[in-house]
Amino acid sequence: METFGVVVIGAGPGGYPAAIRAAQLGASVALVEREFLGGTCLNYGCIPSKALIHTSDLYAQMKSSGSLGLKTELASFDYSAMAERKNQVIRNLRSGVKQLLAANGVKVFEGTASFENRKRIVVNSSAGRTAIGAEKTILATGATSSMPGFLPRHPRVVESRAFLELKSAPKRALVLGGGVIGCEFACMLAQLGAQVTVVEILEDILAFLDADVRRELRRQMEKTLGVRILTGMSLENITADQHAVQGTAGGAALEADLLLAALGRKPVTQDLQLENAGLKTNQHGFIEVDAYGATQVSTIYAIGDVTGGPQLAHAATSQGLVAAENACKRPRRKNEKLIPYCVFTSPEVGAVGLTEQDAAKQGKEVKTGKFNFGALGKALAIGHSSGFVKWIADAKTEQLLGAQAIGVQATDLIAEATTAIRAELTATELARTIHCHPTLSEAWMEAADVLLGEPIHTIARKRG
Amino acid sequence: MVRPITMPKLGQSEEVGTLVRWRKKVGDSVAKGDILFEIETDKAILEVESFFEGTLLKTIIQEGATVPINTTVGFVGDPGEAIPEAAPQTRVDVSAPPAVGAALVAAQPFPSSVLSQQGKAPATVQEQPQGLPLRGRTTGIAPSQPQGPPLPGIFRISPRAARLARESAISPAPIVGTGPLGRIVERDVKNYLESKGYFELRITPAAKRLAARENIDILSLDGGPGRITVTRVERAISEKPQAMSRMRQTIASRLTESFTTTPHFFVTVALDMTELANFRSELKAQGASYTVTDFILKAVALSLVEFPVVNSTTDGKNVRWHSKVHLGLAVNLDQGLVVPVIRDAEELSLAELHDAATELIAKARTGKLTPDEMGGSTFTISNMGMMDIENFTAIINPGESAILAVSSTLKQPVVRGDQIVARDIMKMTLSSDHRIIDGATAARFANAIKQKLEEITLWKRLA
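Chains as they are written, first to last, in this note's numbering: chain A, 1 to 464; chain B, 1 to 463.
One or more hints might be untrue.
[As the list claims (entries may be wrong)] To spell it out: a stretch of chain A is covered by chain B in this simulated footprint if at least three of its residues, at any positions, have a beta carbon under 8 Å from a beta carbon of chain B; those stretches are:
no., stretch
1, 166 to 174
2, 264 to 277
[As the list claims (entries may be wrong)] Here are the simulated DSBU-like cross-link-like pairs (lysine-lysine), alpha carbons at most 35 Å apart as the crow flies:
no., chain 1, residue 1, chain 2, residue 2
3, A, Lys396, B, Lys24
4, B, Lys411, A, Lys364
5, B, Lys450, A, Lys364
6, B, Lys240, A, Lys367
7, A, Lys396, B, Lys25
8, A, Lys361, B, Lys317
9, A, Lys329, B, Lys196
10, B, Lys24, A, Lys334
11, B, Lys25, A, Lys370
12, A, Lys50, A, Lys171
13, B, Lys450, A, Lys367
14, B, Lys411, A, Lys361
15, B, Lys450, A, Lys361
16, A, Lys367, B, Lys58
17, A, Lys367, B, Lys25
18, B, Lys284, A, Lys396
19, B, Lys368, A, Lys361
20, B, Lys240, A, Lys364
21, B, Lys284, B, Lys411
22, A, Lys334, B, Lys240
23, B, Lys368, A, Lys171
24, B, Lys58, B, Lys190
25, A, Lys396, A, Lys98
26, B, Lys24, A, Lys361
27, B, Lys240, A, Lys337
28, A, Lys337, A, Lys378
29, B, Lys196, A, Lys337
30, A, Lys223, A, Lys280
31, A, Lys171, A, Lys280
32, B, Lys58, A, Lys396
33, A, Lys50, A, Lys396
34, A, Lys364, B, Lys284
35, B, Lys190, A, Lys396
36, A, Lys396, B, Lys324
[As the list claims (entries may be wrong)] From the derived model, a few chain A residues whose C-beta atoms are all more than 10 Å from chain B:
no., residue
37, Glu2
38, Arg129
39, Arg156
40, Gln195
For the record, the hints were derived by calculation from the structure and aren't laboratory data.
Predicted, not measured: the structure shown is a model, and the values here were computed from it.
Where is the CB? At the ideal position from N, CA and C, for every residue including glycine.
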């Protein structure tokens, strides 16, 4: 039996970087994956959806670019070609990951891993059973879409993975769930001309964002893209047949060609036989970890979606690196707490740290500074003048604690805010930092000025 | 009509009161019986009700201030009415720290760190606005003075040096000044920062801002070589010594006095409460609900009449015999312990004791006890029966010579005849002042209580 210093189970955006980092630190490393290198993110999540959304976004911009002086009346799209390009992107990235693993000397096992005991893992595949020894193990098995029992099992009812494998786009779509995945696909389909209805049981879509950001997103999704958004309602009486999928929400009858279920994701643990390693999942099925990423068994770490938490690829990557380092060396470090969010809707949304609504719940006094893209030269020049960025800072020390951005490139813009917050900068430092002109990032500087009550490009609110 | 509201006199021994919190804001309407403000005495926090109706027009006394009884603290009247010129208030701050501590604190912008460096952790630390301290005086620090004799007791620092210290979030107190008369100049601060390795520290901007704001000396932070983050400064803020409430300070001084000046000794007895428990259930079934405490109160009151020495007080030279039994009953509250007193307990029946205890405990829980209801006890009972403990000892209340600590009633194996049987056993420990009570007396007294509580025929007569 071959024994490794570190065995990583799951080659997603958390698992494969963990394997590489452990190898960099001198450990002998095995990586077990039962499907594709890159996991959900690369194969049927972040990357493919962004490949499709990029095309739909470009198409929507072309259709509305008359005001820019372009003539694009004949613009049209070929969904199967879009899907093929998406597949090409996946293949490129997948082979890139394979090369990285090989270059770092990580041994990849194809198959499904399960514990025989804490130090012995069996990999089952069509080729047979292979037992490997593991000094330390990092569980990175991820999550999979929830498909509750009330949904009919029918080709017209899909979750995100099946949706991304469609060869054609539906003309009418029902999206169940107004979270990140639901809203992103709703925008994409609407940009491609589909009639889209989103049904969300909570009072608003993307409830983790502040009300002003949600209001702006909802306004644009409804007004610009024509998405119908039904909130505070559940979709009931769902039926699917060869002609359509149907349901009712708040008394209204809804019909579409396709129902996309975006109802959250559940952890993948069923084949691991955790009990053989002395591990248990919590009541929601997640593997709980401490601040250092360790499970109840000190030689076994867990990272990413299978541990609960924000279920974001970049969070999993960071946790993977922390777990690999903690498995290989001392002193250990804690998982990063500051995790930025990105939502690839139209317009895009980025968020990080404390929100105003959380501050209110915690009774924490904050100051905010908001700057509209409508007052920013670059935003006007590129024809994307809607949206804004917003800082949330400690009322007493002006320490930057949170930020949200909505508008063009908001998902890239949030990186500067994340760096600033992690470095514990105050609004003054941010306001004094020179930003290139003309760029969208100037909005952060201007918003910091607004927070400090000394804005240049907007009229200061009277301080009372 | 405008009426002044005054600091009420709530007890015979109270000369001053501390206004802890205004419960009404200026402009709020006030009805008769509304709570206007809270005051803190040595013994408790009390609510003060309004005798008048109208609007709170003005508050003169700030929260946290201590003023003599009958001082005007604010005015109630109709909106728009003119408020009479108030005479200047003489403010007495009884909670001020001792003189040396006060002078030190006033001299430096970073009181806690400076004091802890000198090994003198103060019980009381006053907040100082930034900048102000620089004009203060010090008695503790005497830097060497290379350029001329320093004037004793003056802390000298140049404005630029003070500013650098403030912006660096460090205390200038330990810095040796090289300017005229030992004045600290900017160069001294720079050299000091250099020598302390300040410029190698990685301090986040927000951490430095917070430390400067909250008077935390960056150099006093512990936590190893890593980045100095807001979390570390927040930890230092939360660990700053803070003044205890007046109530807590009173508890501290009284208990210290008692425990260090009274030679305590302890006797423990185990009581079989099985039959009394059964009798209690019987009474309850008949509609008469008594607590275990009620029976203990009665048994103690009867025993104290038999043993007057336990109901007396000594200062080591004189002894004072109390002709009445005033029973203190310790009640635990979130903010500390209060001891309401049942007066003339030897004259009260079991039912009357029950009513008195019930009323006083309810008042204690709602903060409605007056100071007079909390003083003058001749013996105290501390019942921790509900806390699931086997046994404990209590510290004698100053002014008394003994205290009874009552523990939980626990099912225990007991030998009766030649059989092991399960009985409800409760332990009681009597703490006595050995200057006046001998061991044998304490033992007899404890057993007198035990015999009464175990004697059911007695209770059948009394209940």
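- prompt: Within a Cα-Cα threshold of 35 Å, do Lys337 (chain A) and Lys378 (chain A) meet the stated pairing?
  reply: With Cα atoms ~33 Å apart, Lys337 (chain A) and Lys378 (chain A) stay inside 35 Å; holds.
query: Taken at face value, is the distance from the CA of Lys98 (chain A) to the CA of Lys396 (chain A) at most 35 Å?
result: Outside the cut-off at roughly 50 Å; violated.
- request: Please work out if Lys450 (chain B) and Lys364 (chain A) have their alpha carbons no farther apart than 35 Å.
  value: violated (56 Å)
message: For a C-alpha distance cap of 35 Å, please report whether Lys240 (chain B) and Lys364 (chain A) respect it.
response: Distance of about 21 Å is within 35 Å: holds.
- request: Take a quick look at whether Lys171 (chain A) and Lys280 (chain A) sit within 35 Å of each other, Cα to Cα.
  value: Violated, at about 45 Å.
message: With the threshold set at 35 Å, check whether the alpha-carbon distance from Lys368 (chain B) to Lys361 (chain A) stays at or below it.
response: Distance of about 33 Å is within 35 Å: holds.
query: Does Lys24 (chain B) pair with Lys334 (chain A) here, judged by a C-alpha cut-off of 35 Å?
result: Not OK: Lys24 (chain B) and Lys334 (chain A) at ~47 Å, beyond 35 Å, violated.
field: chain B versus Arg156 (chain A) - minimum CB to CB distance exceeding 10 Å, so not interface
entry: Non-interface label on Arg156 (chain A) holds, nearest chain B Cβ at 51 Å vs cutoff 10 Å.
- prompt: Keeping to a limit of 35 Å between CA atoms, is the pair of Lys240 (chain B) and Lys367 (chain A) held or broken?
  reply: Given pair Lys240 (chain B), Lys367 (chain A) holds - Cα atoms ~26 Å apart, limit 35 Å.
query: Given the hint that Lys24 (chain B) pairs with Lys361 (chain A), does the C-alpha gap stay at or below 35 Å?
result: holds (25 Å)
- prompt: Holds or violated: Lys58 (chain B) with Lys396 (chain A), Cα cutoff 35 Å?
  reply: Given pair Lys58 (chain B), Lys396 (chain A) holds - Cα atoms ~28 Å apart, limit 35 Å.
- prompt: Given the hinted pair Lys411 (chain B) and Lys364 (chain A), is their alpha-carbon gap at most 35 Å?
  reply: violated (50 Å)
Violated hints for the displayed structure, listed by number in ascending order: 1, 2, 4, 5, 8, 10, 13, 14, 15, 18, 23, 24, 25, 30, 31, 33, 34, 36.
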